[in-house]
Amino acid sequence: MTRWISGKRTGSLHIVLLCLCWYLISSLGSQVTKKILTVYPKPLLLGEFQFIYTALLACLCCLIGQRFYSFYRCFPKGTFPSYYDDIGERRQINCITRPSRHLFLTIIPLGFCQFVGKYFGHTATCLVPVSTVASIKTLSPIFIVLTQRTLNLSKIQLGKTAYFSLLCLIIGVWIIVREDYDQKIPTSTKGPIELSAYSSYGIICAICSMLIFVAQNIYGKSVFTYQKKVISGKLNNAKAQSPLPSYITKKTTNYDRKNYDKLTLLLYIPLVGFCLSFGWFMTLEFPEVWSECKLNGFSAIPWKLFLVNGTFHFLQAMITFHLLGEISTLSYSIANLMKRIAIITVSWALSGVQVTMWQIVGLLLNVFGLFLYERSKSTSIQDKRT
Numbered sequence: 001m002t003r004w005i006s007g008k009r010t011g012s013l014h015i016v017l018l019c020l021c022w023y024l025i026s027s028l029g030s031q032v033t034k035k036i037l038t039v040y041p042k043p044l045l046l047g048e049f050q051f052i053y054t055a056l057l058a059c060l061c062c063l064i065g066q067r068f069y070s071f072y073r074c075f076p077k078g079t080f081p082s083y084y085d086d087i088g089e090r091r092q093i094n095c096i097t098r099p100s101r102h103l104f105l106t107i108i109p110l111g112f113c114q115f116v117g118k119y120f121g122h123t124a125t126c127l128v129p130v131s132t133v134a135s136i137k138t139l140s141p142i143f144i145v146l147t148q149r150t151l152n153l154s155k156i157q158l159g160k161t162a163y164f165s166l167l168c169l170i171i172g173v174w175i176i177v178r179e180d181y182d183q184k185i186p187t188s189t190k191g192p193i194e195l196s197a198y199s200s201y202g203i204i205c206a207i208c209s210m211l212i213f214v215a216q217n218i219y220g221k222s223v224f225t226y227q228k229k230v231i232s233g234k235l236n237n238a239k240a241q242s243p244l245p246s247y248i249t250k251k252t253t254n255y256d257r258k259n260y261d262k263l264t265l266l267l268y269i270p271l272v273g274f275c276l277s278f279g280w281f282m283t284l285e286f287p288e289v290w291s292e293c294k295l296n297g298f299s300a301i302p303w304k305l306f307l308v309n310g311t312f313h314f315l316q317a318m319i320t321f322h323l324l325g326e327i328s329t330l331s332y333s334i335a336n337l338m339k340r341i342a343i344i345t346v347s348w349a350l351s352g353v354q355v356t357m358w359q360i361v362g363l364l365l366n367v368f369g370l371f372l373y374e375r376s377k378s379t380s381i382q383d384k385r386t
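In UniProt numbering, the protein residues as written are 1 to 386.
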């Protein structure tokens, strides 16, 4: 990983390697999630495990970061609590940021979005192919634009090119979803009518999950910003804003609002999500889980897959935090879009079904629409600045 020395980055090849690892982990993680929910369709249980496991790993990373300065400086400033000063001297602060009223008021909306978004996302993964869920997520720029226009959150005017790119996204996603549905092989227990309703509900859940995470990212833009002084004007100009659904780290000199490091957020947000979803889990899934465990033992739950899935989930978050501090927001958004394309491609490769020409056309329309939208948005921002 890159070492941060006096606020400057060293190395460049690792960015490409990190992105490749990010794509691989995300793609495999999606397949593991699909496997878990196929053999053990309990989306709330999986969400609860991910919440508590992520919080434990975040706590472990905080312990390692406080104890070992070499590990601490592998990540950009704002990833850990400020255990060390600029010259590497350890500060006398707690390993874990103490909870406060301000902290919980800040993260409760994010925890709620995590709980609801995970539930709909896992339910969708139970019912429809991974490629369908991933392609629907690429529609998020459309709903971000609609939200910004409705709530007047952005004064940047989009040109005809941007709206054309959004049209390409809609057509591309429609083609992929339609082709995935046509290739979905009915099982002996489901007739065509029941299968249609089954898949339609899965698509609705995928759309709901996407909308929830759009709302989370619009709100989380300021929460996930670790405010600090800008190192140079050149670096500040490189950090072009992007409305795409990603955790955006915008450098600013505003010190009025208190912000928290990313591992503190990664620790407390899952805990809030766990608490919010616990009642639903106990009501909807726990009785059935308990009955199965009494009958077959705890081995009925695929714990190994749960651990692999939770680890992949946490590694994705850590790589995301590292990339956000290494590259511009625009570059990160493009990398994030390519991650979704990778998930769709790997899903097709591992699904065992033949990829049709229309699926390839839909994927290419997705890629074209996403890149065209990014370029158009970047041009609009530059025009506004000039």
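Heads up, a few of these hints could be off.
[Stated by the list, open to error] Each computed DSSO-like pair below joins lysine-lysine, with the alpha-carbon atoms no more than 27 Å apart: (1) LYS294 with LYS77; (2) LYS304 with LYS294; (3) LYS35 with LYS304; (4) LYS304 with LYS34; (5) LYS304 with LYS77.
Simulated from the structure, these hints should not be mistaken for lab results.
Consistency of the hints with the structure:
For the given pair, LYS294 sits about 48 Å from LYS77 by alpha-carbon distance, which is inconsistent with the 27 Å threshold. With a CA separation close to 20 Å, the supplied pair LYS304 and LYS294 stays within the 27 Å bound. Note on LYS35 and LYS304: the hinted pairing holds, with a Cα-Cα distance of about 12 Å set against a maximum of 27 Å. This hinted pair checks out: LYS304 and LYS34 have alpha carbons roughly 14 Å apart, not beyond 27 Å.
A hinted pair counts as satisfied when its Cα atoms are at most 27 Å apart, and LYS304 with LYS77 does not qualify at roughly 34 Å.
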